[in-house]
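Q: Kindly generate the complete structure, drawing on both the sequences and the hints.
Protein sequences, first through last, are from chains A and B. Numbering of the first sequence is given in my numbering, commencing with residue 393 and proceeding in unit increments. Numbering of the second sequence is given in my numbering, commencing with residue 13 and proceeding in unit increments.
It is worth saying that the hints were derived from the structure and are not from the lab. Treat the hints with caution; some may be incorrect.
Examples of chain B residues toward chain A, derived with CB under 8 Å [claimed, not checked]:
id	residue
1	73
2	76
3	99
4	103
5	107
6	108
7	109
8	110
9	125
10	126
11	184
Since this is a predicted model, take the numbers as computed values, not measurements. Each residue gets a CB set at the ideal place from its N, CA and C atoms; glycine is no exception.
Single-letter residue listing:
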Amino acid sequence: MMRKVRQDLSALFGSMAHPAVSTLVACGSAALAYPLATRGGYAGAVAAACVFSLSVLFLGYMLGSGALAFVHDAKRSCLPGSQRLARSANLVASVLLVPALAIPVAALVGNPVWPAWIPPVLLLAIALAGLFVPRHPIPATGLLSLVVLAAYWAASARSSHARGMDWHSALLSAAVVLLPAAFTLLGLAGWRREMRPGSWAPSLAARLRTACHRIGPRQALERAPLSSSWQPSSRRGPWERQSPVRVVRICLGGIFTQFSRQLIIGAALLALFVAAAIWMPRLGASGTVRTIALLALAAAGLLSSGFLAQLSRLTRGQIAELALMPGLGSPAAQRRALCRVVLTPPLFWLGVVLLFGSADLLLKGEPLSSVRLLAVSLFILWLAYTVLALQKLATLPPKPQSFISELMLLGVVVYAFGTYYWIYATQPRFDLWFWFWITPILIGVVIASVIGFSVWRLAAAPHPFLYRER
Amino acid sequence: MSAVVSPDMSTDEAIRCERITKHYGSRTVLRRVNLEVTRGTVLGLIGRNGAGKTTLIRTLLGLEQADEGRAFVFGEPSLSLSDATKQRIGYVPQQPDAFDWMRIGDMLEFVGRQYPQWDGEFVDLSLSRWQISADRRLASLSPGERQRVALIRALAVNPNLLVLDEPASALDPVARRDLLQEIVARAAESGTTIFFSTHIVSDLERIASRIVFLHDHRIVVDAALDDLSETHARLTMPSEPTGVAARPIPGEISRRRHSDGSVTLVIARAPGSDWPEAAAAPGVHLDALHLEDLFIEVAR
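A: Shown next, in the form of structure tokens:
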């Protein structure tokens, strides 16, 4: 018994030196947030939220990095109780989570300023969503979005009744907490994925070494796979083919596949627009529209550049995998799947940008035409992305380009539409319906022609994953 | 999704290409290459760097489109392979760099779902034999380990055609020997057709049943390994030949002039036929050629 405890402690402190320090800072920050929050009022709430965010940040680090390191160590150890050790890491993390969350939440609940509830509510929602993400990504994201939107709208509705700048402070706190909380989300997601039953992959090499001492290398080689509890690849017999869209998406990798990256994007976008909403009252009417347009187009440009940069990183190996992977169907079906995978995610994220931007505009009492203009600009930006993406697909393997160069390319488009938007949205004398529509229509026609040419080139090839070496 | 249909197993050929020509810009890489590989053959493709080995392999698999000519795999045009044919192909590229963000176990599981004949037991056994943890990300592997994982992925398909583009280039001697044993076993037990390119002549001598030598954008040697020393020879002439001998000799593959005035030729003959008359001329030496000598003589 004592030997087991000693082993546990040794493994725990051997692997968790860094996480232990992080946890200490997290709990210390949380403890500091308590008196700050209970002091009450505007300053206390803001200060508590800021300090609390520090606590969350370190906790996120601990969960995302330190605890995973512990699990890996435990898995690779030759100790007889390695699986039990890894399981206990889950318990340790849960125990550490309680004080770090409970202290500030209790403090903020006791705060007389009502909007101070928003940060802990957001945080808890994010943590909860993080626990669900690995198994139920869509409900988790839905939950997160719902709570964030509810908190945002509640704060806005209260603003007319709030005293002074109280709700602004709450939103500011939310923005401050949101980014570190996103780290927590990622940490939790990684943690859950690691601890998920069925993904247990004991070190075969370690098992082999142990077995070699007992039965000699030859028998060990024969027995190791049989004694392995790692099941996923051990399939013989019935097989289930995946949809071409899923196969293509996984082969493309990067931002097309990794949900964690998309969560960072979503959290960053939300923080961006919440911060904009807080500062907007100081900017005046034209300043508000300009700021939102700039934010929306910049965010859309960054997002599209991320997807384009991933396409540029497509290697010959990836293309060969796609070309020779069975189950993708006819060349036409392959083309459809490829285009769907490449073009749909940016459209979704530009929709999110439009949603946040429109919410900001409507909250500030801007007319519906501003929203329409924003929608047109974002749609044309997506068309520009489509042109560039199809060009890359029609000339595989694509020229390697960095994120910066993709960003600069799209930056030109963003600049053009930003200017267009600014002129027609903020200068009433130009706000004629003819000029309002003719510019995007003309540009749309040009872009549509280029897209048509790219699609024709893509369709002319025997299959879409052909190397076009020159 | 297209229906799964069996590839044409009635035909005896695994690979066929007819007059394949390929240019990159103004540079010619392949010029009217003809090749036919029957089932069960272990074919070694050899040639210097830049000889066009990788381009030939890519063209045969439909990854690149030839400027002229056509290629077929199991009787199907390689540019429009059916799912059923793709399921029968295992391919290891020169630089296996796909899925580098995935863990090995996840990648193998993902790929395995697309193949009805996926051999999970072979995967587990190979990973343990080569001491590769399924938990590791592909990006964190050394080039040699990556090549091993790519080999496991290709062999787990239980392919009828295994195409390997310099598979041993990053492997250590032990892993290389394992690979060669696996290739021999596959060819012997299940009649897998194996098409592999390499620089390592000793590997070819160990396992290949047929050698194809790509040089100067074309196939200069295409022979069974066992017949090679009988069908190919080096002809050394003490001085620059004149008259009839100055013209290309029947079966001549290469001709090299030395600083002392002597000339060396590599010549070939059909099995059972005689050497050309020039070989019997006074002062001319005829030496049998082994694969490595042949490679050096032609490629130098």
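Q: State for each hint whether it applies.
A: Hint check:
no. : hint : verdict
1   : 73   : holds (7 Å)
2   : 76   : holds (5 Å)
3   : 99   : holds (4 Å)
4   : 103  : holds (6 Å)
5   : 107  : holds (6 Å)
6   : 108  : holds (5 Å)
7   : 109  : holds (4 Å)
8   : 110  : holds (4 Å)
9   : 125  : holds (6 Å)
10  : 126  : holds (5 Å)
11  : 184  : violated (16 Å)
Of the hints listed earlier, the one the structure fails to meet is number 11.
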